[in-house]
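Peer 1: Each chain, letter by letter, is given below.
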Amino acid sequence: MNPLEIDNVSFSYSAAPFIKNLSLSFGNGEFACIMGPNASGKSTLLKISAGMIKPLSGKVMLWDMDIHHYKGKDRAKLISYLPQMLDLGMQLKAVDIVKMGFYPYDIPPELDSDKALEMVGLSDKKDAYINHLSGGEVRRVFIAMILIQGAGIVLLDEPLANLDIKYQIEIIRLLKEIVKNRGITVLMAIHDLNLAFQFDRAILIKEGEIVGDDKPENVLNEDNLQRVFDIDVKVLSYNSGKMSIRYG
Amino acid sequence: MKLRIILIILVSSVLCLSSLYIGPKMINPLNMSGLDRDILFSIRLPRMLTAMLIGIALGASGAILQGILRNPLADPYILGISGGASLMAVTGIVFGIGYSGFLSVPLLAFTGAIITGVIVGLISYKRGSFWHGRLLLAGIGIGFLFSALVMLILGISTHEGLKRAMLWMFGELSMSDWDNIPYGLFFIVIGLSIALTRVKALNALMLGDELAWNLGFNPSRERLILFISVCLMVAASVSLGGTIGFVGLLMPHIVRMTAGSDNTFLVPLSSLAGGALLCLADLIGRTLFSPLELPAGIITALLGAPYFLYLLRKKDIIGG
Amino acid sequence: MKRFCLVLVFCIILSGAAHAKPPERIISLAPNLTEILFALGLGDKIVGVTAFCDYPLEAKKKRNIGGMSNPSFETVLTHMPDIVILTEDGNQKAFEERLRKKGIRTYVFKARRMSELPQEISNMGKVLGVEQSAASLSRSISNSMENIQGRKISSHSNKTLFIIWPEPLLVAGPETAIDDSMLLLGFRNIASDAKTRYPQYSMEEVIRKNPDIIFIGKGHEDMKAISHKLLSRLHMVNAVKNGRVYFISDNLYRLGPRVIDGIKELSGYIK
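Protein chains in written order, with our numbering: chain A, 710 to 957; chain B, -10 to 309; chain C, 98 to 368.
Isolated chain A, as found in the complex (with noise of 0.2 Å):
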């Protein structure tokens, strides 16, 4: 049984399809990325997975139950799920927001919103107000109310968009080793091809179809990247057994 099944769904925002009976499956502790051009689907397919949009046909099953039939606290404690934007209109600390991780739960589970801040590497920043933050520390604010949350199952939708090339990486390193060591699923919609081979898993995506889904060397290959995005690039293979995309 596997924790998230994406069964064969369609959604459209208008007369035209917009997810076109679209089937994927998560097993326990992937660290997977989702790749397509701009209106692809991508958040789409990351809100559907989430519940928040219902789809026209199929259906999302977490672990084994139609997503739709669990109570929300239920699913967030299954599920959770970070919108790209984060718009803030409010004042609040950091800690405020972490602690916001334990809402689902009636007795908070063992995680404590100073071990998420550490975690996160913003032990510092605690009292912080969240619009006094950078993109990149306000994302890893989120990323530690997600930790507390303690879902199995982490959908991100381009959390390292806008962000220094350092916050990117710092991410993706902080996400893996959460999923090594806690052994939770992450699926992470990306912009930045070269990325994905930090991943183990690769998701192409084009209109609304999977077009790739495997081990990102696999996925990343001229033929499809010319499919998806319409560009002519290389891949290039290092010794060292990394890759790399050369566009142009």
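There may be inaccurate statements among the hints.
Stated by the list, open to error - Under the rule of at most 27 Å between Cα atoms (straight-line distance), these lysine-lysine pairs were calculated in the BS3-like manner:
1) B:K14 / C:K306
2) B:K(-9) / A:K824
3) C:K157 / C:K321
4) B:K189 / B:K115
5) A:K782 / B:K189
These aren't lab readings, by the way, just hints derived from the structure by calculation.
Please arrange chains B and C on chain A, whose structure you already have, making use of the hints.
Peer 2: Just chains B and C now, kept in the frame of chain A:
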């Protein structure tokens, strides 16, 4: 932090209590004459309780609305509820239906407020979602419409009750007596209790709908519940003493600066502080030019408006 | 040159004559002025009154030109008045200036206190060409004020409150016809310490000052019904305890001919 919370509670209680004994004439609680006792129980006590109830309702609903509308400048009257209350009350006063026993002016105002709340709610509720932007705009639209109607009625009327209607719109506590307190208490306690059980949802809503969803809340539903609690409290407060400006806008910010934005503390503390501010404003209003009385709403606005402008200047609050 | 002087003199005489000619079309911009006009027998000449002019009953049939503070300038013009009567106490000075600039004659009634009323009625009578009836009205007002002097309430229980409206508590303050009449008859107005003429008065102060007599003036509503709640809250006050709460007319609300009746009415409550 704990110290600050205790400080707010302490200052508020002192303000409320002192408004009982300070006034045009001081009352010495240790040595009360019969007259003092009469005045204390039949005038000052119901008046202080009314001021506290109104302040509590406004302070709490201000904090809640600023959260659900995700707008630090939201005020309980932005939903147009007070407009509906004023319209009904002024209509009642001017056409003389407000005195025929059962249909008292407070009751009319309450009915108007609730009807308006339902209208605003219905306009905002569309295809299963209860969107905060629509809520705000619907409230503003209804508010404008109703205040225009109020002005229309006041403009064409020559009734002596006019002055009452005007005072009422500025907030009026001089008529507070024991009669209205039980039902005001009833609705405000219900509204506040609903809100206090939803403080976590309110915190989550401040992060946006998607994050609220992530934490297991249904944003539309939570917003609707909180909206209902605000409607009850604002309706009861408006019917107790008319519209009193700036308490709902001001107190949540003062409390936020001293005790943080966590609604678990913010909602109860800003309601308490709101009650205290109104007691203070009423104390000033009835003492400053005694025996002439100034409506408390004018005093709160005089204290509040400069602060409001200061907030506008200070970018931090808006999140910049 | 001689001829020119003659024309000039003629013109002056003519204009003087025109000025002397009593106005035929009068607009009144205040309810007390309307009452005075009717009392002076000028009712037929009134072509416009304010929305507040409801006494005598015929006044209600006259054309309505708007409120006291915001009359319609246009409506005033369309009725082509020979003169517009205004009061310092309630009409706007700017409105009067605007009328004069348009070439419309105006008369500004200056009395604010009862003692000024007889003289001001005579003055206005002269302008309106009803000198005699004005003189007799002013005389009867003076008389009613003077004749009362002998009859005064005893100073033991003369603390009085005159309520205009119970919710909120609006009372007659200093410098009003009510205050003047009460003073005349020996009633001591407990609200004469207020800073405005019709103040919203502190209930607490009423209880402290403990009036012996409470008058409640007539209003649009059934005042007994509206005042019930107020009086029950003032149960400890002497006037309420001793049953000396009197519902009376609105005669004293306006500085006009009805003050005669008003004074007489008040004097009826002297025990």
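Peer 1: Hints first: check each against the structure and report whether it holds.
Peer 2: Structure-based check of all given hints:
| no. | hint | result |
| --- | --- | --- |
| 1 | B:K14 / C:K306 | 12 Å, holds |
| 2 | B:K(-9) / A:K824 | 22 Å, holds |
| 3 | C:K157 / C:K321 | 26 Å, holds |
| 4 | B:K189 / B:K115 | 25 Å, holds |
| 5 | A:K782 / B:K189 | 12 Å, holds |
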